[in-house]
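Line by line, the protein sequences give chains A and B.
Position one of the first sequence corresponds to residue -2 (my numbering), numbered consecutively onward.
Position one of the second sequence corresponds to residue 43 (my numbering), numbered consecutively onward.
To be clear, the hints were calculated from the coordinates, so they are not data collected in a lab.
Cβ atoms here follow ideal geometry from the backbone N, Cα and C, with glycine treated the same way.
Wrong hints could be hidden among the right ones.
Taking beta-carbon pairs under 8 Å as the criterion, some of the chain A residues facing chain B (in silico) [said to hold, decoys possible]: (1) V7; (2) I49; (3) R51.
Calculated cross-link-like contacts (lysine to aspartate or glutamate; reagent style EDC-like; alpha-carbon spacing at most 20 Å) [what the hints assert, rightly or not]: (4) B/K180 x B/D201; (5) B/K180 x A/D204; (6) B/K180 x A/D215; (7) B/K180 x A/E173; (8) B/K180 x B/E72; (9) B/K67 x B/E93; (10) B/K180 x A/D71; (11) B/K67 x B/D189; (12) B/K180 x A/E206; (13) B/K145 x B/E72; (14) B/K180 x B/D71; (15) B/K180 x A/E185; (16) B/K145 x B/D125; (17) B/K145 x B/E132; (18) B/K145 x B/D194; (19) B/K145 x B/D71; (20) B/K145 x B/E93.
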Amino acid sequence: MTQLQARGVVRSYGPSPALRGVTLDVAEGEIVAVTGPSGCGKSTLLHCLAGILRPDAGEVTWRGQRIDTWSEADRSRLRRTEFGVLFQFGQLVAELTAAENVGLPLLLAGTGRREARTAALTWLERFGVADLAELRPGEMSGGQQQRCATARALVTEPQVLFADEPTGALDTLTGEQVLTQLVRLAREQRTSVVLVTHEPRIAAYADREIVLRDGLVDHTGLGLDLPVVGGQR
Amino acid sequence: MVGVSTPHVLLGLLAGGSRHGYELKRAHDERLPRARPLAFGQVYATLGRLERDGLVAAAGQDRASGPDRTAYALTGEGRSTLDVWLSTVETPMPYVASTLFTKVMVALLVADVDVARSYLIAQRSAHTARLRELTSVKTDPAATLSDVIAVDFAIAHLDADLRWLHTTLGRVADWHREVHP
C-alpha cells in the first residue's frame, strides 16, 4: 500500500530549478533508493518528501493527506513522530552523550526520561555501540557517531526513514556494517526507507531505484546524458 | 587472476586432518559458499590425481555407514605444494580479458554505436539486478560471515563492472569514431 507520494513536485533555489516535476510513490515497508549524478535534485527531493522543504508546486501526500500545505510546526511534529531523518554527517548534539542524543527524539515526543534512556540504550546496543553511551560526539570516531545517529533516527520506530548519503563519510567496511544493520532493522519493523545515494552498491540495498537527472525522474534508469552519435567530444 | 584451483582447495581442506571425499565436498561448500558447484565426481577425480602425484595418501577406510569410504590425508609433499601456492602472489590482471569488454568492441566492429549502447544498457540492467540479489544476502539475519565475505567479493567486482559500463556508455560514440576513422 502506498504511504508516501510525490506528485509533480517542483522546487527551485532562486532561478535554478532543482526539481522540475517529480512523481514518486513509496509503499509501506519499501526501501527506495534515489540516485543520480551530482546536482540532479535527489537531496532536494528527500527534503521535500520529509517535509523539511516546501515544494514550489506539486503535492506531497502522507497516508492520503497533503503535508506540503501543513504549517512548519505540523511538519516538524510529523518528523518527530512518524518520520526519521539521517544525514551524511550524523549531526549529533555536541553537548549531549550518545545515550542522550539517541533518547532525544523520544523526549521531544513526550516520552518519560527513564523510558527514553532505556530505549536509547537498546538502540545503541543494536548498532554495537552500547559501550559508548556516556561519551560525547567529540570523543567518538566518525563511524561511531554515525552508528549513534542511525540509532537516533530509528529510536522512535518511524514509519519512514529518510537517509541522505548515510554512509558517505564512512570507510567502506564501516559504511557497509551501518547500512546492513539499518536495512535489517528497517525490514524487521516494516519501516519504509528513502535512501539517497550516488553509489550503485549502496542503491543495491533498496528494493527499487529511482534515478533522477536534471530534476526529473529518468525513466531510462541511466542518469546519463549520452553524447549524440557523431557529436563533438 | 586464474580460476579457482580445485586441487589446492582440496589440499587446503585436508590441512586440518584426513577426510573422505564426501566430507571434502561438504567442507568446500561451507567454506566457499556461492562458488561454482563442485561435483562429487570432480572431488574423487581430483583426489585420484593428487594421490597419483604423491600429494595425498589414503588414510584408512570407513565401513561404518554404507559403502567403503576412503579417507585421504595430506603428505609432506602435499603440504609443501600448498605452502608454495599460498605464498605465490597472483599477477593482477595480466591481460585485459573480459567478455564484457570484448563484446562491446566486437559490437562496434560489426554494428554501430546504438547496438553497442543497447548491449551496454542491457548488461548494466542485468548487473544491477544481480548486485541487488547478492546485497540482499548480506542483510539476511541468517547470513554467516563466509556468506558475507563471498558476496562482498562478487559485489565489489560487479560494482567495478558497473562503473566501467557507465563510463563506456559515455565514451562509446568517441570510441566508434576511433574504430571507424
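Taken at face value, is the distance from the CA of B/D71 to the CA of B/K180 at most 20 Å? Holds: B/K180 and B/D71 sit about 18 Å apart, inside 20 Å.
Check whether the Cα positions of B/K145 and B/E93 lie no farther apart than 20 Å. violated (41 Å)
Given the proposed pairing of B/K145 with B/D194, does the C-alpha separation stay at or below 20 Å? At roughly 26 Å apart (the allowed maximum being 20 Å), B/D194 and B/K145 break the hint.
Checking one constraint from the list: CA of B/K180 to CA of A/E185, max 20 Å. Satisfied? holds (15 Å)
20 Å Cα cutoff - pair B/K67, B/E93: holds (17 Å)
Between the alpha carbons of B/K145 and B/D71, is the straight-line distance 20 Å or under? violated (32 Å)
Does the alpha-carbon distance linking B/K180 and A/E173 stay inside the 20 Å limit? holds (9 Å)
B/K67 paired with B/D189 [C-alpha distance capped at 20 Å]: holds (17 Å)
Next pair to validate is B/K180 with A/D204; report whether the Cα-Cα distance is within 20 Å. holds (14 Å)
Are the Cα atoms of B/K180 and A/D71 separated by 20 Å or less? Outside the cut-off at roughly 38 Å; violated.
Holds or violated: are the alpha carbons of B/K180 and B/D201 at most 20 Å from each other? Since the Cα atoms of B/K180 and B/D201 sit roughly 15 Å apart, the hinted pair holds (cutoff 20 Å).
Between B/K145 and B/E132, is the straight-line Cα distance small enough, at 20 Å or below? Since the Cα atoms of B/K145 and B/E132 sit roughly 26 Å apart, the hinted pair is violated (cutoff 20 Å).
Of the numbered hints given earlier, the model fails hints 1, 2, 3, 6, 10, 13, 16, 17, 18, 19, 20; all others are met.
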